[in-house]
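A.B. asks: Chain by chain, the residues run as shown.
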Amino acid sequence: MGYMGTAILNISPYAFSAVGIAVAIGVSVLGASWGIYITGSSLIGAAIKAPRITSKNLISIIFCEAVAIYGVIVAIILQTKLQSVEQAYTAESMRGGYAVFASGLIVGFANLACGICVGIIGSSCALSDAQNSTLFVKILVIEIFGSALGLFGVIVGIIMSSQVTWTTS
Amino acid sequence: MYGFEALTFNIHGGYLEAIVRGHRGGLLTAVDYNNLCQCETLDDIKMHLSATEYGPYLQNEPSPLRTTTIVEKCTQKLVDEYKHMLAQATEPLSTFLEYITYGHMIDNIVLIVTGTLHERDVHELLEKCHPLGMFESIATLAVAQNMRELYRLVLIDTPLAPYFSECITSEDLDEMNIEIMRNTLYKAYLEDFYKFCKKLGGATSEIMCDLLAFEADRRAVNITINSIGTELTRDDRRKLFSSFGQLYPYGHEELAVCEDFDQVRGVMEKYPTYQSIFAKLSYGESQMLDKAFYEDEVKRLCLAFEQQFHYAVFFSYVRLREQEIRNLMWISECVAQNQKSRIHDGIVFIF
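Taken in sequence, the protein lines are chains H and V. Numbering follows my numbering, in which position 129 of the first sequence is assigned residue number 129; successive positions increment by one, without gaps. Numbering follows my numbering, in which position 89 of the second sequence is assigned residue number 89; successive positions increment by one, without gaps.
Honestly, the hints are just simulated from the structure, not real lab data. Heads up, some of the hints might be wrong.
[Stated by the list, open to error] Derived DSS-like pairs (lysine-lysine); straight-line CA-CA distance at most 30 Å:
{"id": "1", "chain 1": "V", "residue 1": "340", "chain 2": "V", "residue 2": "195"}
{"id": "2", "chain 1": "H", "residue 1": "49", "chain 2": "V", "residue 2": "239"}
{"id": "3", "chain 1": "V", "residue 1": "77", "chain 2": "V", "residue 2": "340"}
{"id": "4", "chain 1": "H", "residue 1": "49", "chain 2": "V", "residue 2": "83"}
{"id": "5", "chain 1": "V", "residue 1": "299", "chain 2": "H", "residue 2": "49"}
{"id": "6", "chain 1": "V", "residue 1": "198", "chain 2": "V", "residue 2": "239"}
{"id": "7", "chain 1": "V", "residue 1": "239", "chain 2": "V", "residue 2": "199"}
{"id": "8", "chain 1": "V", "residue 1": "299", "chain 2": "H", "residue 2": "138"}
{"id": "9", "chain 1": "V", "residue 1": "77", "chain 2": "V", "residue 2": "239"}
{"id": "10", "chain 1": "V", "residue 1": "340", "chain 2": "V", "residue 2": "299"}
{"id": "11", "chain 1": "V", "residue 1": "77", "chain 2": "V", "residue 2": "128"}
{"id": "12", "chain 1": "V", "residue 1": "199", "chain 2": "V", "residue 2": "83"}
If we strip away everything but chain H, and leave its shape as in the complex, we get (with noise of 0.2 Å):
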């Protein structure tokens, strides 16, 4: 074994679970917070000349926000699976460590993309709606896919962090 996976195996599970963590509330507040700032800026400027527009496509502010939300669940459902052992370094620990930090890398980057994807979305909404009122409901089907895509990363990110066990029973 190189020097690689000696050092890898001595980080202790706790900081992969704590990193793993962080990263599962902290991207996903980036990605919802990237997605705001796309469909903000065009709602603002949309609902110059159309006013109309901006308490339906607060529902596209939402759809962001709701990412924001996962990452919140998944970081509080991570951080129930941490466990205070003795041995720190048996396999067991280390599994768990390493399933929390993985969930952590899942959840967070799915709702990365997740919030970029509807916040474009949600910008051409705006946009489209300004113009042409009956555009609006077409658009928000396709928002409501994108932000499907979160909620696969939420899931499999839960199911896996599921079986963490830092001493075997």
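Following the hints, put chain V in place on chain H, whose structure we already have.
C.D. replies: Chain V alone, transformed into the frame defined by chain H:
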């Protein structure tokens, strides 16, 4: 990176892009034009326009209206919108927006210089200038006697200064020289704008380069047609063509030697894009060419709105508004001069 502007475009451009799209929604539609074409007097036109976005600009105008008043007020609206957008814009959008006005600046300079040559009053000329192309020292243009003075006294402080490098001569200004100056300047301007858009990259460069290439090709054809039968030599004509566009370089070589309109048609019909334009014209007919080009341009400009996250919408919007003002001017002139049978000849429908 092409296709990834969506991630970062809205930081600086999102708000303004949405605003310009809102303005586009205010352009007159075919229904509006049909109503306007039914008008009997200029006051009727004012009444129809008061239901559109032009309303506030025309409402305080006393009757009897003049065509020039209508055009002036409509242009004023475009200028107000443009200034608002320019004030909000950040780099590189603000430079892009400034580029749009350089064409008008060149036209204004030529207008003033030609006017002074015919000993017209400067104030009268200033009123005729397009407000988008005004700059501070424009009134002093009248003192210049030749190209070198024109450059040294006035234009060195304007953004157009670099474009002058090709056409500084000590020759006196006369009609022919001024026309060559206009086209040399315009050529340098288009090439510079083209380079700038290429540098911006992404969807902006793709759409803008296409639109500018069309503009360059149209100018090449117009220069060829207008210079047939004048003293302009083939090489001089060749020098006025911009170094990009679909016609560059082989089409330019062929256009440079054309002696009549049908030869121009022969050259242009080799290019599929322009074939459809020339197919609309019957043989020997060159008057309708302008309108055919305008119609094709409007179609291209409207297509720019189909993509999001790029700057070409600003260019397209200003151009479409200018076309609309030309339409209004034509309608008003037809109504004012009782030539209603010709009213459909000059209108280019936008939607």
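A.B. asks: Would you mind marking each hint as holding or not holding in the structure?
C.D. replies: Right, here's what the structure says about each hint:
1. Of the pairs offered as hints, the one joining residue 340 (chain V) and residue 195 (chain V) is violated, with about 44 Å between alpha carbons and a cut-off of 30 Å exceeded.
2. Pair hint residue 49 (chain H) plus residue 239 (chain V) does not hold up; C-alpha atoms about 46 Å apart against a cutoff of 30 Å.
3. This hinted pair checks out: residue 77 (chain V) and residue 340 (chain V) have alpha carbons roughly 26 Å apart, not beyond 30 Å.
4. Straight-line distance between C-alpha atoms of residue 49 (chain H) and residue 83 (chain V) comes to about 17 Å, which keeps the hinted pair within the 30 Å bound.
5. The straight-line distance between the Cα atoms of residue 299 (chain V) and residue 49 (chain H) is roughly 24 Å, inside the 30 Å bound, and the hint therefore holds.
6. For the suggested pair residue 198 (chain V) and residue 239 (chain V), the alpha carbons sit about 23 Å apart, so the restraint of at most 30 Å is met.
7. In summary, the hint linking residue 239 (chain V) to residue 199 (chain V) is supported, as the alpha carbons are separated by about 25 Å, within the 30 Å threshold.
8. For the suggested pair residue 299 (chain V) and residue 138 (chain H), the alpha carbons sit about 26 Å apart, so the restraint of at most 30 Å is met.
9. At roughly 37 Å between alpha-carbon atoms, residue 77 (chain V) and residue 239 (chain V) are farther apart than 30 Å, so this suggested pair is violated.
10. The straight-line distance between the Cα atoms of residue 340 (chain V) and residue 299 (chain V) is roughly 26 Å, inside the 30 Å bound, and the hint therefore holds.
11. The hinted pair formed by residue 77 (chain V) and residue 128 (chain V) meets the criterion: a straight-line CA distance of about 17 Å does not exceed 30 Å.
12. A hinted pair counts as satisfied when its Cα atoms are at most 30 Å apart, and residue 199 (chain V) with residue 83 (chain V) qualifies at roughly 25 Å.
Hints 1, 2, 9 from the earlier list are contradicted by this structure; the remaining hints agree with it.
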